[in-house]
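**Q** Whole structure, please, built from the sequences with the hints as guidance.
Residue numbers (my numbering), protein chains in the order written: chain A, 1 to 116; chain B, 117 to 232.
Bear in mind the hints are in silico, worked out from the structure with no lab data behind them. A quick note: this is a predicted structure, and the numbers were derived from the prediction, not measured. Fair warning: there could be bad hints in the mix.
[What the hints assert, rightly or not] Only some residues are given here: those of chain A computed to face chain B with a beta carbon under 7 Å:
hint, residue
1, I38
2, K42
3, S48
4, S55
5, E56
6, F65
7, S95
8, E104
9, F107
10, G110
11, T114
Even glycine gets a Cβ: it sits at the ideal position worked out from N, Cα and C.
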Amino acid sequence: EPEVTQTPSHQVTQMGQEVILRCVPISNHLYFYWYRQILGQKVEFLVSFYNNEISEKSEIFDDQFSVERPDGSNFTLKIRSTKLEDSAMYFCASSPNRGDRNTEAFFGQGTRLTVV
Amino acid sequence: AQKVTQAQTEISVVEKEDVTLDCVYETRDTTYYLFWYKQPPSGELVFLIRRNSFDEQNEISGRYSWNFQKSTSSFNFTITASQVVDSAVYFCALSEGSSNTGKLIFGQGTTLQVKP
Numbered sequence: 001e002p003e004v005t006q007t008p009s010h011q012v013t014q015m016g017q018e019v020i021l022r023c024v025p026i027s028n029h030l031y032f033y034w035y036r037q038i039l040g041q042k043v044e045f046l047v048s049f050y051n052n053e054i055s056e057k058s059e060i061f062d063d064q065f066s067v068e069r070p071d072g073s074n075f076t077l078k079i080r081s082t083k084l085e086d087s088a089m090y091f092c093a094s095s096p097n098r099g100d101r102n103t104e105a106f107f108g109q110g111t112r113l114t115v116v
Numbered sequence: 117a118q119k120v121t122q123a124q125t126e127i128s129v130v131e132k133e134d135v136t137l138d139c140v141y142e143t144r145d146t147t148y149y150l151f152w153y154k155q156p157p158s159g160e161l162v163f164l165i166r167r168n169s170f171d172e173q174n175e176i177s178g179r180y181s182w183n184f185q186k187s188t189s190s191f192n193f194t195i196t197a198s199q200v201v202d203s204a205v206y207f208c209a210l211s212e213g214s215s216n217t218g219k220l221i222f223g224q225g226t227t228l229q230v231k232p
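**A** Written out as structure tokens, the structure is:
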């Protein structure tokens with residue numbers, strides 16, 4: 001069964017460093033998402049990406065964040081200068097359509113980012 | 117504004133008990149989609165169900181059942197004859213039809229502990 005794959009599963013980085021989280025969405029999907037879950041809290045929407053551009057972003061997704069689909073298969077989330085409060089589980093998701101028509105968004109297993 | 121409320125932070129039951137997880141949502145859209153996801157201790161998000169706003173029929177899948185009531189803006193989830201493996205955090209989520217991205221708005225989650 002096709003699945004969304006995220007790497008690495010756990011990333012530890014020093015405050016102020018740049019980090020790139022990687023995702024391989026399901027191959028025929030068109031919509032891509034990043035969500036964040038701070039430990040013990042709810043899952044929060046960060047950004048959606050369609051047709052090679054950001055279609056929506058939340059207030060959390062400030063200038064420190066960027067997304068890219070560099071090669072038609074990977075979907076990356078970059079945090080330019082990490083802060084302690086960026087420590088969280090980051091989930092990538094993909095959907096063949098907007099995720100609200102005939103199917104749900106499929107989530108990856110998450111990358112746990114720890115900023116020290 | 118859109119919002120999902122899961123008032124029960126934690127529920128503890130003994131195996132074989134039935135348990136209901138509450139979910140109340142707010143939206144101005146007439147078309148919307150409701151979801152339940154399970155997050156086991158391993159951390160991934162597991163899709164359980166999607167409901168659209170036009171379909172108020174209750175659904176049963178094995179030991180799981182869902183009660184969707186538009187009149188009370190609720191989408192409650194019942195596990196019958198709970199098992200230890202049901203122990204997890206359960207999230208209710210909303211996607212609005214007016215959204216052109218299909219982003220999900222999650223509730224705070226309910227931690228279910230099933231004791232043997």
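**Q** Confirm or reject each hint.
**A** Here is how each hint holds up against the structure:
1. A cut of 7 Å between beta carbons decides the hint on A:I38: the least distance to chain B is about 12 Å, and the hint is violated.
2. A least Cβ separation of about 5 Å between A:K42 and chain B falls short of the 7 Å threshold, and the interface hint therefore holds.
3. Because the closest C-beta pair between A:S48 and chain B is about 4 Å apart, less than 7 Å, the hint holds.
4. Satisfaction of the interface hint for A:S55 is found here, the shortest Cβ-Cβ separation to chain B being roughly 5 Å, below the 7 Å cut-off.
5. Given hint, A:E56 at the interface with chain B, holds; its Cβ is 4 Å from that chain's nearest Cβ, closer than 7 Å.
6. Because the smallest distance between the Cβ of A:F65 and any Cβ of chain B comes to about 15 Å, over 7 Å, the interface hint for this residue is violated.
7. Interface hint status for A:S95: upheld, as the beta-carbon distance to the closest one in chain B is roughly 6 Å, under 7 Å.
8. Hint status for A:E104 relative to chain B: holds, with the closest Cβ pair at about 5 Å, below 7 Å.
9. At a threshold of 7 Å, the smallest CB-CB gap from A:F107 to chain B is about 4 Å, leaving the interface hint in force.
10. About 5 Å separates the beta-carbon of A:G110 from the nearest beta-carbon of chain B, less than 7 Å, and the hint is met.
11. The restraint placing A:T114 at the interface with chain B is violated, with a minimum CB-CB distance near 13 Å, outside the 7 Å limit.
The structure shown violates the earlier hints numbered 1, 6, 11.
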